[in-house]
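Asker: Listed below, chain by chain, are the residues.
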Amino acid sequence: MAELVEIGRDPDAFEVFYREHIEKVQRFVARRVDDPFLAADLTAEVFLAAIDSAHSYRPGRGTPTGWLYGVAQNVVSSERRRQARELRANQRISGRRLVTPDDVTRLEDRIDAEAGARELLRAMDELPQGERAVLELVALDGISPQEAAQILGIRAATARVRLHRARARLRDRRPPPVTPLVDITPEGTS
Amino acid sequence: MKTFEDELLTELKTVVAERTPAIKSRGRRRMVVGLAAAVTLAAATAIAVPLIGGEKTTAAAYSVTRTPEGTFQLTITGEDSAAVQRALEKTGVKAEVKYLKAGEFCRRTPAGQISPQHLLTRYWFLMNAAKPDGAEVDPTRFRGWTLIIESSGEHGRVDPTEGQIGMVLRLGTKNALSVDFVKTGSFGPCVVSR
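Top to bottom, those sequences are chains A and B. To convert, note that position 114 of the first sequence is 114 in our numbering; the numbers rise steadily by one, no gaps. If you count the second sequence from 1, you need to add 1000 to reach our numbering.
In short, the hints are calculated from the structure, not lab data. Among the hints, erroneous ones may be present.
What the hints assert, rightly or not - Pairwise CB distance ranges, derived in the manner of DEER restraints:
id, chain 1, residue 1, chain 2, residue 2, range
1, B, G1092, A, D109, 43 to 53 Å
2, A, K24, B, S1193, 35 to 45 Å
3, B, G1092, A, G116, 46 to 56 Å
4, B, T1014, A, V104, 16 to 26 Å
5, A, A168, B, A1017, 48 to 58 Å
6, B, K1002, A, E3, 27 to 37 Å
7, B, G1144, A, E20, 32 to 42 Å
8, B, G1092, A, R122, 44 to 54 Å
9, A, P59, B, A1017, 21 to 31 Å
10, A, G116, B, D1006, 23 to 33 Å
11, A, D102, B, K1090, 47 to 57 Å
12, A, A168, B, S1193, 36 to 46 Å
Every residue gets a Cβ at the ideal spot worked out from N, C-alpha and C, and that includes glycine.
All chains should be modelled from the sequences, with the hints used to inform the complete structure.
Answerer: Put into structure tokens, the structure is as follows:
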């Protein structure tokens, strides 16, 4: 495709990028949230953030897909911190507003297909953030440790060490209690 | 019937199309802002974050570095939010910087919240946070906008050996660091809430 920077200023270039990545982004989100409406909001937010920050992409720092995963991870982790009400109030495009009843069934199917990934994510809750970030990308999203390092802006050796530590910690601990990933319930979705 | 994915594409393409005139008119001057964000309220500890060169004008709670190309980097390493705000405004960007306690956040009045159509680049910093030399910003693109930085809780967990600032943003739910460009005049003062 054309240079990634074009997606921030050329609607046609953006469409090519969107069609190539929409499913990847939806799966990425479905591995982390189990509410189809919140997933729709976050999907919209990931692409908005990509549009805003396309100018910052540097080919030497990873592939466009890897870069987009970095964007997606920031959006999802940001959502975990912010209250859902604030997220929606600030959103330029409300993803959930675009969702039809037919879409809900389809989005839920995708979310169901990723149930195992979310279970794994819950098991990572108590890991230090640095280790969790690497493990998420590698274990959940199937990204190589080297590319995960690029996405997170750390050295490959550091990523490997964190990965090793994270796996060791998970091996050493008992099975975790099942708790919600996000301690907030978006209005109208509970 | 159009699917969610089709509808979303249509809306996003509109967003891209609306951005185009503003981007075409932007000048060459660029600013680089990086937050090392060691804004632990209790202590102002300097953190080793690589700078991009140029003349260092201040090195206490914050530093502003200007490059020969006219780019800027701001590094926040302390507790003086007013000084950070002044440093940003010297680079040509109107700014409002608030440091809050853990669990606190700003409610903006009179609307209560910042209106979505007045919010420009909410994630511009988050996207660039993993870069040790900060995020790139073109000040000419943000005329008429205010950079709002709201930071609450403890943000001093930067790994100085790696110069990594991205992790600063991956905080627990009781901490927050938001960096947004908001249309000047569209929001009221910060009312601290919990």
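Asker: Hint by hint, work out which the structure violates, then give me just those numbers in ascending order.
Answerer: Violated hints: none; all satisfied.
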